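There are 4 protein chains.
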Amino acid sequence: MAKLKVGMIGGGGPGSFFGMVHNRAIALDASRELVAGAMRTDAKAALRAAKDYGIKGYINYQAMLEAVQSGEQALDYVTIVTPNFAHYEPAKAFLQAGIPVLCEKPMTMTVAEAQDLARIVKRKKVPFVLAHTYTGHPMMMLAKQMIKDGDIGEVRKVDSWYNQGWLATDLEKSGQQQAAWRTDPKRTGISNCGGDIGTHAFVAATWVTGLGVKKVSARLNTFVKGRVLDDDFNTICELENGGTAVITATQIAVGYRNDNGFRVFGTKGSIEWHQERAESLLVRHGDGRDVTYWTGAEFDLPAEVSSYFRVPSGHNEDFFPALANLHTTIERQIRKGRGEKGIPVAFPHPGVEEGVAGMKFIKAAVDSSKKKGAWTRL
Amino acid sequence: MAKLKVGMIGGGGPGSFFGMVHNRAIALDASRELVAGAMRTDAKAALRAAKDYGIKGYINYQAMLEAVQSGEQALDYVTIVTPNFAHYEPAKAFLQAGIPVLCEKPMTMTVAEAQDLARIVKRKKVPFVLAHTYTGHPMMMLAKQMIKDGDIGEVRKVDSWYNQGWLATDLEKSGQQQAAWRTDPKRTGISNCGGDIGTHAFVAATWVTGLGVKKVSARLNTFVKGRVLDDDFNTICELENGGTAVITATQIAVGYRNDNGFRVFGTKGSIEWHQERAESLLVRHGDGRDVTYWTGAEFDLPAEVSSYFRVPSGHNEDFFPALANLHTTIERQIRKGRGEKGIPVAFPHPGVEEGVAGMKFIKAAVDSSKKKGAWTRL
Amino acid sequence: MAKLKVGMIGGGGPGSFFGMVHNRAIALDASRELVAGAMRTDAKAALRAAKDYGIKGYINYQAMLEAVQSGEQALDYVTIVTPNFAHYEPAKAFLQAGIPVLCEKPMTMTVAEAQDLARIVKRKKVPFVLAHTYTGHPMMMLAKQMIKDGDIGEVRKVDSWYNQGWLATDLEKSGQQQAAWRTDPKRTGISNCGGDIGTHAFVAATWVTGLGVKKVSARLNTFVKGRVLDDDFNTICELENGGTAVITATQIAVGYRNDNGFRVFGTKGSIEWHQERAESLLVRHGDGRDVTYWTGAEFDLPAEVSSYFRVPSGHNEDFFPALANLHTTIERQIRKGRGEKGIPVAFPHPGVEEGVAGMKFIKAAVDSSKKKGAWTRL
Amino acid sequence: MAKLKVGMIGGGGPGSFFGMVHNRAIALDASRELVAGAMRTDAKAALRAAKDYGIKGYINYQAMLEAVQSGEQALDYVTIVTPNFAHYEPAKAFLQAGIPVLCEKPMTMTVAEAQDLARIVKRKKVPFVLAHTYTGHPMMMLAKQMIKDGDIGEVRKVDSWYNQGWLATDLEKSGQQQAAWRTDPKRTGISNCGGDIGTHAFVAATWVTGLGVKKVSARLNTFVKGRVLDDDFNTICELENGGTAVITATQIAVGYRNDNGFRVFGTKGSIEWHQERAESLLVRHGDGRDVTYWTGAEFDLPAEVSSYFRVPSGHNEDFFPALANLHTTIERQIRKGRGEKGIPVAFPHPGVEEGVAGMKFIKAAVDSSKKKGAWTRL
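Protein chains in written order, with numbering that gives the first Met the number 0: chain E, 0 to 377; chain V, 0 to 377; chain P, 0 to 377; chain Z, 0 to 377.
Keep in mind the hints are simulated off the structure, nothing from the lab. Hints should not be assumed to be uniformly reliable.
Since copy identity is lost for identical chains, a pair holds within one copy or between any two.
Quick list of in silico lysine to aspartate or glutamate cross-link-like pairs, EDC-like style, CA-CA up to 20 angstroms [claimed, not checked]:
hint, residue 1, residue 2
1, LYS124, GLU275
2, LYS370, ASP41
3, LYS371, GLU239
4, LYS4, GLU339
5, LYS371, GLU237
6, LYS224, GLU237
7, LYS121, GLU153
8, LYS43, ASP258
9, LYS267, GLU297
10, LYS213, ASP51
11, LYS335, GLU239
12, LYS4, ASP28
Here the structure is a predicted model, which means the values were calculated and not measured.
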């Protein structure tokens with residue numbers, strides 16, 4: 000089975016964090032390899048960054064795309080790890096060329112851009128995965144599968160949250176790159192906290208339950224002086240089945256790292272998951288027992304989930320494998336699309352539709368907050 | 000040191016739960032004893048219930064009060080454990096007679112009643128404690144003390160929640176008494192979930208931080224068919240210092256027991272507490288360490304808190320001692336008021352002001368929910 | 000139902016800890032009351048201590064026994080909370096007089112004394128409960144019940160431990176009373192750490208499994224200079240069914256409070272319990288699920304256990320109720336013995352046989368350690 | 000920085016587990032790549048396995064070594080992932096050729112073989128790392144560093160354990176390869192449970208504390224009928240400073256996965272670590288606070304440890320990165336040895352001395368158990 004060849008757009012800056020993370024995720028399984036990249040805005044820096052990675056460098060994504068189209072460069076898919084503002088254009092270009100894309104979240108800067116990508120994906124029928132890393136944790140996948148299978152009955156309510164503390168002070172003024180672009184409207188869009196981590200909480204609420212959000216009432220705060228965008232994000236949402244979701248995120252929770260998680264309450268049971276102990280899932284059915292499931296414990300878990308396990312339970316796979324699982328999903332889609340045999344089923348990880356919904360959610364939340372919490376349709 | 004003599008109003012019914020709980024809390028320390036009670040509505044049943052408790056019975060609270068006033072019955076304070084609708088009248092009567100009251104929550108049926116009690120308490124200067132049991136957990140007290148002492152800086156945000164699952168079905172139709180009165184507007188007031196457990200989450204948010212709620216945007220749900228009042232309660236609140244509190248409660252979280260807790264995020268640190276592991280407190284200051292404190296570990300904890308410890312840490316005191324601590328507080332207030340020497344300082348547990356605030360909060364939340372989440376002043 | 004009248008022997012000293020703990024446990028349920036005590040060695044101090052408790056005082060246990068026998072003093076049972084050396088004589092005297100005894104552990108100073116008590120209990124058929132407080136935690140009771148019911152198959156192995164840190168320094172030299180008598184051979188017997196907390200770990204291993212220890216290989220240490228007895232206790236044991244138990248205890252684990260617990264591995268499943276989170280029990284059957292049970296969650300739990308619950312799950316009962324449950328057990332035995340109707344079944348809490356086994360275990364462990372770990376029969 | 004080229008010996012069988020695990024660990028960082036392998040005993044199968052990995056295949060390790068020595072094949076180090084019996088010969092051959100080795104544990108079949116490797120390593124001064132994966136967890140490294148720095152004073156006692164349940168039945172008879180070779184004396188050596196996982200607990204006790212074991216008293220059990228070697232392993236050990244270690248391991252703990260961990264009790268503090276929540280470390284100093292540290296939280300952690308972090312705390316790195324860290328260590332040793340600049344310090348991960356000690360420990364434990372627990376020198 001030949002390795003899939005992957006190209007990377009972005010990810011090469013000195014303060015870049017996710018470029019290397021994706022590189023590790025690509026390499027984790029022996030079935031993919033990073034081979035090329037257009038990794039920085041500055042042409043020279045882009046070539047140097049690629050050289051540091053030991054891959055073929057391009058001065059920009061257009062050059063890389065041309066090389067693919069001319070047959071010079073073999074690429075099975077690209078992964079886009081640029082800041083938010085630089086997702087849309089390369090995604091569009093590669094998708095139009097029929098090249099599958101695994102794109103960082105939030106998907107775009109605007110709803111219109113997101114919808115445009117969705118149209119292209121549908122028309123071209125090209126694989127597209129949105130890098131909501133946490134959805135790659137098998138226990139989060141199991142949560143979705145259980146709910147789909149009716150294990151907890153109909154969903155009534157969801158609590159979904161993401162607490163971080165790294166932006167509790169004006170870190171962006173210190174020159175820290177991650178903080179700088181996330182708090183800059185030009186590079187991050189209309190929301191900082193909502194866009195960066197509120198979208199994770201949103202995906203947990205909607206992707207896991209299979210239920211969209213119809214409308215939202217929001218209160219966004221900016222606690223740190225001098226900051227333009229929100230660093231705290233609070234919403235109450237109406238789900239499309241009439242249920243309620245409370246979706247919150249904050250970046251000012253001093254000492255909190257990545258306290259992301261959700262509780263889903265159904266008519267017959269409840270499910271709870273925490274990112275910081277991601278390889279377990281707590282399920283209750285109201286019979287006095289709390290049942291904990293673990294990644295790697297195959298038993299009677301559905302193959303949709305267990306086909307993503309790498310080691311038996313008790314050795315936590317955790318962060319890099321979770322992201323690698325999203326690469327596995329696009330890999331399975333690609334290989335299946337080519338008619339390769341024996342490819343396990345690809346889990347329905349977030350794609351372009353979830354990206355559109357996420358952008359609409361952020362837009363509606365920002366609007367609602369401006370209108371004093373008025374219920375706003377997505 | 001003579002034992003304080005306690006009278007109980009309510010608590011004698013066959014399905015009553017909190018009568019016996021208070022009895023245990025009163026008896027836990029050797030300094031108080033339950034001696035009399037007007038424990039049920041029906042006169043005969045009231046006398047029989049008191050006999051079962053081995054105490055002097057009265058046919059109603061008026062009779063008990065008369066006996067006190069005539070000097071027949073010595074009582075140092077009364078505890079009111081009736082359903083919500085039957086708090087106000089006996090509380091008023093005893094307070095007006097200058098007899099201290101420890102009253103179950105929520106304090107009254109209406110804001111006006113609550114304000115009336117507050118006026119009497121102020122005028123008569125008589126001790127009044129509101130039985131928010133969880134505030135009796137020393138680690139919840141420590142949270143309040145630390146915030147007051149500035150340990151986490153200025154409070155920016157609070158998450159406070161209470162998840163239960165016992166009303167996920169129409170249990171009230173089965174004849175279960177606890178469910179029946181709580182879901183009946185005549186006995187419970189304008190809110191079921193909000194009044195019963197939302198008030199706990201409200202107290203956690205406000206009493207612990209020392210910050211009132213100015214206004215609220217709410218969405219109340221009734222998920223179980225045939226139920227009149229809310230069984231799910233969601234709010235976003237503006238605190239009086241401009242901070243935000245997300246206060247939620249639900250009774251439809253299948254398999255959840257008493258998942259009550261809070262996270263407070265300040266400018267310099269964060270504090271987190273969970274009722275189901277009540278004897279520990281998690282404090283973070285953003286230095287990479289999570290610090291856990293434990294009830295019973297004296298060391299340099301403030302005497303306001305440590306004077307409530309009964310055993311060294313590692314043997315969890317938990318539920319009954321927490322409630323007993325509220326009795327200890329009213330006991331300390333009473334003994335101090337009489338000039339007894341050597342009485343440790345009484346912790347500022349919730350009283351009549353917190354009761355008024357709680358009633359205003361429930362009222363404002365119900366109103367806001369009816370007005371589609373419009374921000375509503377307390 | 001008349002309250003049982005309880006007498007206390009010991010427990011009145013200024014540094015006494017367990018006198019008040021038993022008092023709380025007796026008072027927790029409305030069915031018992033402490034009425035008399037011979038609480039200190041010095042006659043005058045004994046009377047003063049009783050007065051402080053608000054009970055009838057006696058100058059010594061003999062005087063209290065005489066008062067009972069002469070009909071002056073009604074007592075349904077006595078509880079003995081003296082240091083180890085002063086258990087045997089009063090226990091013997093009251094048992095011989097046919098008065099039930101709830102006695103602190105370890106039961107006696109020597110195996111011979113323990114066997115003597117056992118003979119008396121058998122001959123006189125008088126209720127006797129050994130105050131292994133932790134066995135009163137319903138989840139520890141559930142563990143025993145499950146194993147008895149075959150839920151985890153045949154027991155192969157037990158890990159049982161108790162880690163404390165309070166004697167990591169020579170606290171006994173500071174005048175701390177608890178430390179002083181426990182490290183003094185005259186008052187505590189041949190073993191400090193083994194006798195005080197090793198017996199808890201021993202009971203967890205044997206009472207929970209229903210399996211005795213046949214022989215033991217031990218290594219006892221004294222880490223703190225100037226101390227005569229062990230402050231660290233390590234054994235490997237052969238169970239009577241051929242299985243193995245690793246039973247350890249230490250008092251030099253700095254910062255550890257009462258980290259007592261056990262894991263039992265059977266042919267079909269495993270059970271794990273921790274005293275510091277005593278109200279839950281972890282059960283595994285090798286099917287990829289970890290199942291947690293909780294005190295108070297009735298459902299299909301056996302009535303032997305659930306009849307001891309006081310509140311629904313989610314409000315942890317914990318330490319005082321656990322000890323109260325042992326008083327409940329002797330109370331049920333007494334009431335049943337008198338032919339009272341409707342008394343729930345008394346759980347088989349540790350009694351005189353467990354006391355004898357505990358003394359033999361300590362003796363054998365001390366002997367084995369002296370003989371360089373030679374396997375020694377109990 | 001050119002990638003180091005790695006060869007693999009073993010790891011190619013259909014039931015092989017650790018071949019792929021090492022492959023992932025090698026690939027996780029962009030600084031190494033697996034390029035060649037002698038992956039199975041059968042020549043044809045070996046070539047096919049290598050082809051599946053997409054690397055250069057050799058019919059056996061000798062052929063691979065010859066290719067290296069002839070200059071045909073560039074290899075910077077090899078990793079040996081064969082069953083125990085096939086570690087010694089290839090390790091010896093490559094070490095003698097001056098080629099660094101990262102070898103699976105236990106290091107050899109006998110003490111003599113282990114000592115032979117130690118002599119070669121010393122003489123040739125060639126990097127050698129023993130693949131005790133868990134020592135690659137930064138929080139386990141931090142534990143070692145803290146103890147070395149005196150943070151908990153002098154070590155008095157260690158509890159170290161490893162509980163698994165996968166061999167609670169005679170899985171080896173089902174044809175499961177992992178079970179088959181581990182329970183076969185010819186392939187695994189004189190101990191199954193002790194050699195496979197007891198060595199992990201041994202390393203935790205000795206490598207973390209920096210203290211060797213002087214002598215051991217052991218009881219080994221074989222619970223599953225028909226099995227020749229131990230499946231349960233219990234020891235009490237004397238440390239070289241006079242302290243005590245209780246080191247246990249079992250494979251019959253039904254439902255337990257990889258419950259490996261340790262508690263170290265020093266004169267000034269205690270440290271506790273659990274493999275199944277490997278990215279945190281619990282430290283206590285007896286001041287009433289439990290302090291938890293987390294991988295990725297740099298702050299004032301020593302660079303020896305923090306230089307191994309890949310992502311900020313809150314995204315758990317866990318299993319693959321832990322093993323990758325051992326590859327990082329041999330990589331740093333190799334690069335430093337070549338005079339490359341800017342290479343961070345290599346953490347003192349287990350090497351050939353720890354391998355010798357482990358073999359001696361297993362031998363002494365097996366001997367002691369045969370001699371009824373007699374204290375046996377290593």
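The hints, checked one at a time:
| no. | hint | verdict |
| --- | --- | --- |
| 1 | LYS124 x GLU275 | neither (35 angstroms within a copy, 42 angstroms between copies) |
| 2 | LYS370 x ASP41 | neither (41 angstroms within a copy, 54 angstroms between copies) |
| 3 | LYS371 x GLU239 | between (23 angstroms within a copy, 17 angstroms between copies) |
| 4 | LYS4 x GLU339 | within (16 angstroms within a copy, 31 angstroms between copies) |
| 5 | LYS371 x GLU237 | both (17 angstroms within a copy, 12 angstroms between copies) |
| 6 | LYS224 x GLU237 | between (32 angstroms within a copy, 18 angstroms between copies) |
| 7 | LYS121 x GLU153 | neither (30 angstroms within a copy, 50 angstroms between copies) |
| 8 | LYS43 x ASP258 | neither (38 angstroms within a copy, 50 angstroms between copies) |
| 9 | LYS267 x GLU297 | between (24 angstroms within a copy, 18 angstroms between copies) |
| 10 | LYS213 x ASP51 | neither (46 angstroms within a copy, 49 angstroms between copies) |
| 11 | LYS335 x GLU239 | neither (32 angstroms within a copy, 58 angstroms between copies) |
| 12 | LYS4 x ASP28 | both (13 angstroms within a copy, 18 angstroms between copies) |
Taken one by one, the earlier hints fail for this structure at numbers 1, 2, 7, 8, 10 and 11, listed in ascending order.
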